[in-house]
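**Q** Listed below are the residues making up each chain.
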Amino acid sequence: KQEVTQIPAALSVPEGENLVLNCSFTDSAIYNLQWFRQDPGKGLTSLLLIQSSQREQTSGRLNASLDKSSGRSTLYIAASQPGDSATYLCAVGTSGTYKYIFGTGTRLKVLA
Amino acid sequence: DTAVSQTPKYLVTQMGNDKSIKCEQNLGHDTMYWYKQDSKKFLKIMFSYNNKELIINETVPNRFSPKSPDKAHLNLHINSLELGDSAVYFCASSQGGARLETQYFGPGTRLLVL
Chain X
1 KQEVTQIPAA LSVPEGENLV LNCSFTDSAI YNLQWFRQDP GKGLTSLLLI QSSQREQTSG
61 RLNASLDKSS GRSTLYIAAS QPGDSATYLC AVGTSGTYKY IFGTGTRLKV LA
Chain R
113 DTAVSQTPKY LVTQMGNDKS IKCEQNLGHD TMYWYKQDSK KFLKIMFSYN NKELIINETV
173 PNRFSPKSPD KAHLNLHINS LELGDSAVYF CASSQGGARL ETQYFGPGTR LLVL
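Going down the list, the protein sequences come from chains X and R. Residues in the first sequence are numbered from 1 upward in steps of one, following the working numbering. Residues in the second sequence are numbered from 113 upward in steps of one, following the working numbering.
Everything labelled a hint here was simulated from the structure, so no lab data went into it. Misleading hints may appear alongside valid ones.
Calculated lysine-lysine pairs in the DSS-like style (CA-CA distance at most 27 Å, straight line) [claimed, not checked]: (1) X:1 <-> R:152; (2) X:99 <-> R:148; (3) X:99 <-> R:152; (4) R:183 <-> R:152; (5) R:131 <-> X:42; (6) R:131 <-> X:99; (7) R:152 <-> X:42; (8) X:68 <-> R:156; (9) R:131 <-> R:121; (10) R:121 <-> X:1; (11) X:109 <-> R:152; (12) X:1 <-> X:68; (13) R:179 <-> X:99; (14) X:1 <-> R:153; (15) X:99 <-> R:134; (16) R:179 <-> X:109; (17) R:183 <-> R:156; (18) R:153 <-> R:134; (19) X:42 <-> R:134; (20) X:42 <-> R:156; (21) R:179 <-> R:148.
I would like the entire structure built from these sequences, with the hints used as guidance.
**A** Structure follows, in structure tokens:
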């Protein structure tokens, strides 16, 4: 059974810092992995989708990496801004299923 | 232009009542989902439909019944509401059925059962 964990649960950083969010999963037979952002009281917005055959994906200041064999993904945010403050969730799509298993999220606060 | 919309946004009701939540997507996607996010913000899939056909049915009480009248709509009906049903319910959609692709979420429906 796939389990997805995100550490840390919460993180506060000053504006301008580069930061890394971590996602771990127990079953390496994944199809792909998505990183989402959730603002308070809002739905989820997909940031990056990384296929199992890829090592990383980039979009603007965001870079997601994937290491299937070790069951890990990281989301790197460069030059953080207060507008980046949100909860970040990773979701693992397991091969042979039609569903994503979500992590518990990291609540990020970027201080001005 | 709203891609995935849900109604109502807020729902406060008494235990034992029956309620429905509606979801519509205008993205032309084939697959739609219902997720439940509990008080600890943990998000878990409940159901998924691909072209009006049920493809995921997690261990959800049979008081919850999804209905997909067409591939742009997926509604959730809940009978005999219980306190533990209080949560935020999210609808989502994606292109493709057997492939897992980028998911687009609605704004959520906040259900409070008193």
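**Q** Of the numbered hints stated earlier in the document, which are not met by this structure?
**A** 4, 10, 16
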